[in-house]
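Based on the sequences and whatever the hints tell you, model everything.
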Amino acid sequence: MKRFFLLITATFVFVSVSAQVKDFSYKFYGRVRTDVFYNSRHNVESVEGAFFMYPKDVQLDANGEDLNTVSNSGDFIFCTRLGLDITGPMLFNAKTTAKIETDFGGFSTSVLGNFTTLRIRHAYVNLDWGRSSLLVGQTWHPLFGEVLPSIVNLNTGCPFQPFSRSPQLQYNYKFSRFNIKAAAVFQNQYRSSGPLGSKMLEYSRDAVLPEMFAGIDYRKEGFIVGVGADVLTLTPRTQSTKGELTYKVSERNVSASLLAFASYSSEWWKLNAKTIYGQNNVHTLSLGGYGVTSIDPVTGAYDYVNFNHSTSWVNVVYGKKWQVGLFGGFTKNLGTNKPLVSSSMTYGMGMDIDKLYNMSVQTDYNIKNFTIGVEYSYSVADYGTIQTATGKVTNTHAADNHRIAALCNYSF
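If you use mature numbering (1 follows the signal peptide of the UniProt record, and there is no 0), the sequence shown corresponds to residues -21 to -1, 1 to 391, in order.
To be clear, the hints were calculated from the coordinates, so they are not data collected in a lab.
Treat the hints with caution; some may be incorrect.
Quick list of the computed label-pair ranges, beta carbon to beta carbon [claimed, not checked]:
(1) VAL204 to VAL11: 31 to 37 Å
(2) ILE346 to LEU46: 40 to 46 Å
(3) THR369 to LEU97: 43 to 49 Å
(4) PRO276 to LEU97: 48 to 54 Å
(5) PHE71 to ALA193: 21 to 27 Å
(6) ALA208 to LEU250: 20 to 26 Å
(7) VAL115 to THR364: 42 to 48 Å
(8) PRO276 to ALA208: 34 to 40 Å
(9) VAL359 to ALA208: 27 to 33 Å
(10) CYS387 to VAL320: 48 to 54 Å
(11) VAL115 to VAL204: 39 to 45 Å
Derived lysine-lysine pairs resembling BS3-like cross-links, with alpha carbons at most 30 Å apart [to be verified]:
(12) LYS249 to LYS334
(13) LYS35 to LYS300
(14) LYS249 to LYS300
(15) LYS160 to LYS311
(16) LYS299 to LYS6
(17) LYS160 to LYS300
(18) LYS347 to LYS78
(19) LYS178 to LYS311
(20) LYS1 to LYS74
(21) LYS6 to LYS249
(22) LYS74 to LYS6
(23) LYS300 to LYS199
(24) LYS227 to LYS317
(25) LYS6 to LYS153
(26) LYS6 to LYS311
(27) LYS249 to LYS299
(28) LYS35 to LYS334
(29) LYS178 to LYS160
(30) LYS227 to LYS78
Yeah, the Cβ is synthetic: ideal placement off N, Cα and C, and Gly gets one too.
Right, dumping it as structure tokens:
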């Protein structure tokens, strides 16, 4: 805590001195947020249980009772954040801006337990020429986009809504009411899975090529509609062991995703929707992955095939001071285009889930910079057995969770 106050003090001193530099302006912003939650069972989560994704599978004990049917609750304040927007002088005939934003969602483990630490959310520079702009740094992944649910839960609709902040080069070009976006994206905090373990940077770094995104959207009077395409290249392994011999191998897995989205907002209504036909979007906290489809008999090198998933969500919010909202999300495993060697040689998240859905209802009270809200959500995951011939999941059974979430947020 002492280090935090020293950091804040130093930042204000720096800004106070730097504000005297010609053509620079600074604006601080942030929020103080407290979240409280209750779950009826254990779930797949991240960020110390604060980021709910989906119910864990049924795990029976010797008496036939489900070990994961255990209620739990908690609260957290580490989503409190602080940001700084910077406007600078003209450069290369472009208006220059920058953003730095941090929260306390980074965790370090010691003998005394887990402590919240500062982490970078956004850190980028943007050059704006009017019609075109170039962003360099870390911000929201293009699949996250500008169309997202307005809900109480911290997960922002994940795993139905892609969620990731990534280093990238992003170029935008505007003409008429259209905007074209192209981005080269790199992995950092949010990572892919593979045969060497989950959430490792080596898979994307060894591939050399960044993830590539291209999209276009149309905007008019509170209405947005758009489409996009994303291609991710991974190198799962660079060496293989066959018997007692080790071989250098050249493995590659290329996955592709298509998305479409729409949004409408007025004084009283907000309607948002997104659908994605995706492959291997684990790095955006989405269900999916890939598996081994063949093994070289000499070197042991793998060939891979992606799992195909269809994911959609819809969100409707009505009101201003008092708001009510509904959210619905659905994900379906559509299988693979080639047979798998083994169901155990698959890498990703929720690989043994046939379908996943969520239904939520919420109410919020907003006055000036202050918001309180409560939400009830019901989630069901249909677990089963992966069929090696098709990659589909059969012989399913359901695991469900009832979640109540509440928040108190003060923005400044």
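To see whether the hints hold, each was checked on the structure:
1. At about 35 Å, the CB distance of VAL204 to VAL11 agrees with the hint of 31 to 37 Å.
2. Evaluation of the 40 to 46 Å hint for ILE346 and LEU46 yields a pass: the beta carbon distance comes to about 44 Å.
3. A beta carbon spacing of about 46 Å between THR369 and LEU97 agrees with the range 43 to 49 Å that was offered as a hint.
4. Under the hint 48 to 54 Å, the C-beta atoms of PRO276 and LEU97, about 51 Å apart, fit the expected range.
5. The supplied range of 21 to 27 Å is met by PHE71 and ALA193, whose beta-carbon atoms lie about 24 Å from each other.
6. Taking 20 to 26 Å as the suggested C-beta distance range, the pair ALA208 and LEU250 conforms, at roughly 24 Å.
7. The given range of 42 to 48 Å is respected by VAL115 and THR364, whose C-beta atoms sit roughly 46 Å from each other.
8. The given range of 34 to 40 Å is respected by PRO276 and ALA208, whose C-beta atoms sit roughly 36 Å from each other.
9. At about 30 Å, the CB distance of VAL359 to ALA208 agrees with the hint of 27 to 33 Å.
10. For the pair CYS387 and VAL320, the supplied restraint of 48 to 54 Å holds, since their beta-carbon distance comes to about 51 Å.
11. A hinted range of 39 to 45 Å is violated for the C-beta pair VAL115 and VAL204, which are about 28 Å apart.
12. A C-alpha spacing of about 27 Å is found between LYS249 and LYS334, which places the hinted pair at or below 30 Å, so the restraint holds.
13. Simply put, LYS35 and LYS300 have alpha-carbon atoms about 36 Å apart, too far for the 30 Å limit, and the pair is violated.
14. A distance of roughly 14 Å separates the Cα atoms of LYS249 and LYS300; the hinted pair therefore holds under the 30 Å criterion.
15. Among the hinted pairs, LYS160 with LYS311 is consistent with the structure: their alpha-carbon atoms are about 28 Å apart, no more than 30 Å.
16. Proposed proximity of LYS299 and LYS6 is supported: the alpha carbons are some 26 Å apart, at most 30 Å.
17. Our distance criterion of 30 Å between C-alpha atoms is broken by LYS160 and LYS300, whose separation comes to about 34 Å.
18. A distance of roughly 24 Å separates the Cα atoms of LYS347 and LYS78; the hinted pair therefore holds under the 30 Å criterion.
19. At most 30 Å may separate the alpha-carbon atoms for a hinted pair to count; LYS178 and LYS311 meet this at roughly 23 Å.
20. A C-alpha spacing of about 14 Å is found between LYS1 and LYS74, which places the hinted pair at or below 30 Å, so the restraint holds.
21. Restraint check: the Cα-Cα separation between LYS6 and LYS249 comes to about 28 Å, which is no more than 30 Å; the hinted pair holds.
22. The straight-line distance between the Cα atoms of LYS74 and LYS6 is roughly 16 Å, inside the 30 Å bound, and the hint therefore holds.
23. Simply put, LYS300 and LYS199 have alpha-carbon atoms about 25 Å apart, close enough for the 30 Å limit, and the pair holds.
24. A threshold of 30 Å between alpha carbons decides the hint, and for LYS227 with LYS317 the separation of about 25 Å falls inside it, so the pair holds.
25. Distance check on the hinted pair: LYS6 and LYS153 sit about 26 Å apart at the alpha-carbon level, within 30 Å; holds.
26. For the hint linking LYS6 to LYS311, the alpha-carbon distance of about 43 Å lies beyond 30 Å, and the restraint is violated.
27. Between LYS249 and LYS299 the CA atoms are separated by roughly 10 Å; this keeps the pair inside 30 Å, and the hint holds.
28. Between LYS35 and LYS334, the direct Cα distance comes to roughly 13 Å. Compliance with the 30 Å bound is thereby established for this hinted pair.
29. At most 30 Å may separate the alpha-carbon atoms for a hinted pair to count; LYS178 and LYS160 meet this at roughly 27 Å.
30. Taking the CA atoms of LYS227 and LYS78, the gap is about 43 Å. The hint is violated against a cut of 30 Å.
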